[in-house]
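J.: These protein sequences, in sequence, are chains V and E. Take any residue in the first sequence, note its place counting from 1, add 24, and you have its number in the numbering used here. Take any residue in the second sequence, note its place counting from 1, add 24, and you have its number in the numbering used here.
It is worth saying that the hints were derived from the structure and are not from the lab. Predicted, not measured: the structure shown is a model, and the values here were computed from it. Possibly wrong hints are sitting among the right ones.
Partner residues are not named here, just some residues of chain E that face chain V (Cβ under 8 Å, in silico) [claimed, not checked]:
{"#": "1", "residue": "E128"}
{"#": "2", "residue": "D269"}
{"#": "3", "residue": "A274"}
{"#": "4", "residue": "K298"}
{"#": "5", "residue": "A401"}
{"#": "6", "residue": "L405"}
{"#": "7", "residue": "N407"}
{"#": "8", "residue": "R408"}
We treat Cβ as the ideally placed atom computed from N, Cα and C, and that holds for glycine.
Below, each chain spelled out in residue letters.
Protein chains: 2
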Amino acid sequence: MTTSKRSEGSSIWPIAIGDVERFDAEADVVVVGLGAAGASAAIDADRAGAEVLVLEAASAGGGTSAMSGGLIYLGGGTPIQTECGFEDSADDMFEFLMAASGPEPDEAKIRRYCDESVDHYHWLVECGVPFLAAFHPEPGLESPDESALVYSGGEDAYPFDRMVRPAPRAHKPQIAGTAGAFFMERMLAAVDALEHTRILADTSARALVVDGDEVVGVVARQAGADVTIRARGGVVLCAGGFVLDDEMVAEHCPEAARVMMRLGNDNDRGSGIKMARAFGADVQRMNATEVALPMTPPRSLVSGILVNARGQRFINEDTYYGRVGQEALFHQDGQVYLIVDEALAVPNAVGNRVTWVAETAAELGADIGLPEGALEATLELYNRGASEGRDPVFHKAGEWVRPLTGPLGAFDFTVENSIYATFTLGGLRTSVDGSVLSLDGSPIPGLFAAGRTTSGVAALGYSSGVSLGDSTFFGRLAGESAAGRASA
Amino acid sequence: MTTSKRSEGSSIWPIAIGDVERFDAEADVVVVGLGAAGASAAIDADRAGAEVLVLEAASAGGGTSAMSGGLIYLGGGTPIQTECGFEDSADDMFEFLMAASGPEPDEAKIRRYCDESVDHYHWLVECGVPFLAAFHPEPGLESPDESALVYSGGEDAYPFDRMVRPAPRAHKPQIAGTAGAFFMERMLAAVDALEHTRILADTSARALVVDGDEVVGVVARQAGADVTIRARGGVVLCAGGFVLDDEMVAEHCPEAARVMMRLGNDNDRGSGIKMARAFGADVQRMNATEVALPMTPPRSLVSGILVNARGQRFINEDTYYGRVGQEALFHQDGQVYLIVDEALAVPNAVGNRVTWVAETAAELGADIGLPEGALEATLELYNRGASEGRDPVFHKAGEWVRPLTGPLGAFDFTVENSIYATFTLGGLRTSVDGSVLSLDGSPIPGLFAAGRTTSGVAALGYSSGVSLGDSTFFGRLAGESAAGRASA
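Pulled out of the complex, with its shape left as it was, chain V reads as follows (with noise of 0.2 Å):
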């Protein structure tokens, strides 16, 4: 497919190589984008023999992955997760993340991630990303000091406890809190160690080069000017997610833009999703999303129970809060509040208070709006089973099960009122090994992809480190792929 007049007017199209007068530049493989899913392209695409090109849109590279925690997804028996004392295998992972990221989770991708993981491991480490092996018990967020170890996908709550033997799996890089930056740092400098790639910053591919039905470049914008860009091998795009484009956002996951904050930098605007479907790229669960509802630390809040605007509760508070905002969100309208005692009402890690204080649950219910009668009935079930550590209904763990009695305060964890945290999960439609798949199911000859460019491991559902985790693996065998076509 090659477009021809369509392509004047319009940047995403592709363009014919027949109309290319001639190229700026010219390498075996061209990565689009250096946060974390580039990065590991340029330096398995390298390592195989490969001259690479990378183009980052930004000033320097770093993308999304350097404003993140840090968190990578790593499983089945890591030296951190043995040395912590946790045991887990390639199929304990497998059955979790399976269960975690359904509906209908790419179950060729999660296998492969999880049967190399420990390999993936020691392949962060070869790049210079050092892990501390200590166990941080707050779950879910990366560790204020430098413990690499951390549950961060409701691995050891309801349900996933009862369906396999739980172990921690993010994996955080070794630095005091939050290690995005750090893990960035330490993957840039591989990537400037590599003896056969150069990077071409300030440069954003728009379209594709085709040559008939085959990728065989990219025309970015440098300078307010075109440049055309050769690909021998191929272009691996790993130019991001969308979620800071708005028109993207209310087309395909409206939710996402009642979130406060969104997860993402200021070229995570699907282009590479866009160049690549206007060459027949097909794409997959674009309507998914990450939300985070930060409601802890500490810890101790998870005693309380969340309520919606039915005062109903909806899901056992001890869960990873990516399972709690996502179920916030997308099943209870974003309209929810955490009922706390007045031993539980201090503030969280960013800065929510109790908004509401009453004597009785009557009360309480009132002043946030409830319906009449809702939370104190909500409250006497919950209670009737604390009473005896037990948590019938939602199968919150006995250690954060007490009745909640006294004076009573509600946080507001509205999505209007409160952080929310999101960015997409849908994307381009890939095959295991990172070739961009067709509308008809073939991959496009010379065309690859990963990171949150592809819809990956998370699916619909999504664990901590996940993101990070896919994409450098999947950006791995994206670049050996291209790098294996350069040499063909």
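With the hints as your guide, set chain E onto chain V.
T.: Just chain E now, with coordinates in the frame of chain V:
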């Protein structure tokens, strides 16, 4: 955009006109598919002076429209509404559809659909579709007699009854019971009576023929061979939805795969969507599906309470059963039960009966497998309000609210064990006049579409009659647009 090599091996890719040896037929307007949308497109294209050729994959026209109940959503003060004593306005209709079809409904389409709805009623009558001015009080479903008018979207139930003056808008053609076959009989007779319109049956369009950026025809399969048809003005894709394409369902709306009854004919496999996407067309809301849970009639059953797997209520039971179905499947995991007392324990119209009977709520909850104490808490709260004829939590109308006491029963309305019905609402992105929009938002010259090949008025919500309503309404506009292009 044209294809070259890729089209040889794969059926959906467009064929460049230069690769067409000869055209087997030619017309001003080529309509693909002869359901409600295709018939309407043909009629108005023909009336606009175009020579029309209609391709139908089956041996005769009708499509899924002929398998439907035949309700058509019309309002703004049709003669039928007026004669039945209901006041309505285009603005009321607009306000209702905007509220019922979100999030992010297509305001421009809804606006025009409402503003011209009375005209559209008269157009249908002129096509030979009669309506009897009688109101049937059982909402949601077509009347068993010849009455035209029913409520079909929860207009008279919470929350819509508080937003906008309720009016019934589903108009059923005048025949007893299900009216889809009769409706299409009349529409096909109107098509047969056209002077410049021919029908090619047993002819399945598979790909577009293109000249540069313009669509100039289609390639279709006929008796095992390709035929190539030239469209001087345009191609109008009215080829139905994709509910019977397992792969598309799994990819775009996996929940629909769980539903027992997929409303579609054998050709609802997304062929129109596929061939247009292969030429750079955009799609919208591919995850949207109608989901009906035909719990009633009898209407008395809405005096029961619907509960989810936690024994919680989740909706006012007196709303449109398509809202109940979407809520049950999308937000309650398809695990819902209708709790009734002895007086209500009668079989419903599709043969569902109570599966469990017990003396107390505790026993019934245990029999169903609900969490301990949950159903008792829900019933106690419900009965407290109901003893005063009120439903403070979900706002079911007073006439359906009374305490449920004595021996209780439960209908099993889980998606696995009960008849839900679904069809797809997502499809090509079109402008109000029926142009198919490309990935960059511009109209694709020569390509039009309507009906369930497109995303239409229903967006993510649904009200019975909207699909035939927007198929006929926007089918006409698409046909006129294509005809206008032929004469230009």
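J.: If a hint holds in the structure, say so; if it doesn't, say that too.
T.: Tested hints:
no.	hint	verdict
1	E128	holds (4 Å)
2	D269	violated (12 Å)
3	A274	holds (5 Å)
4	K298	holds (7 Å)
5	A401	holds (4 Å)
6	L405	holds (4 Å)
7	N407	violated (11 Å)
8	R408	holds (6 Å)
Hints 2, 7 from the list above are not met by this structure, while the remaining hints are.
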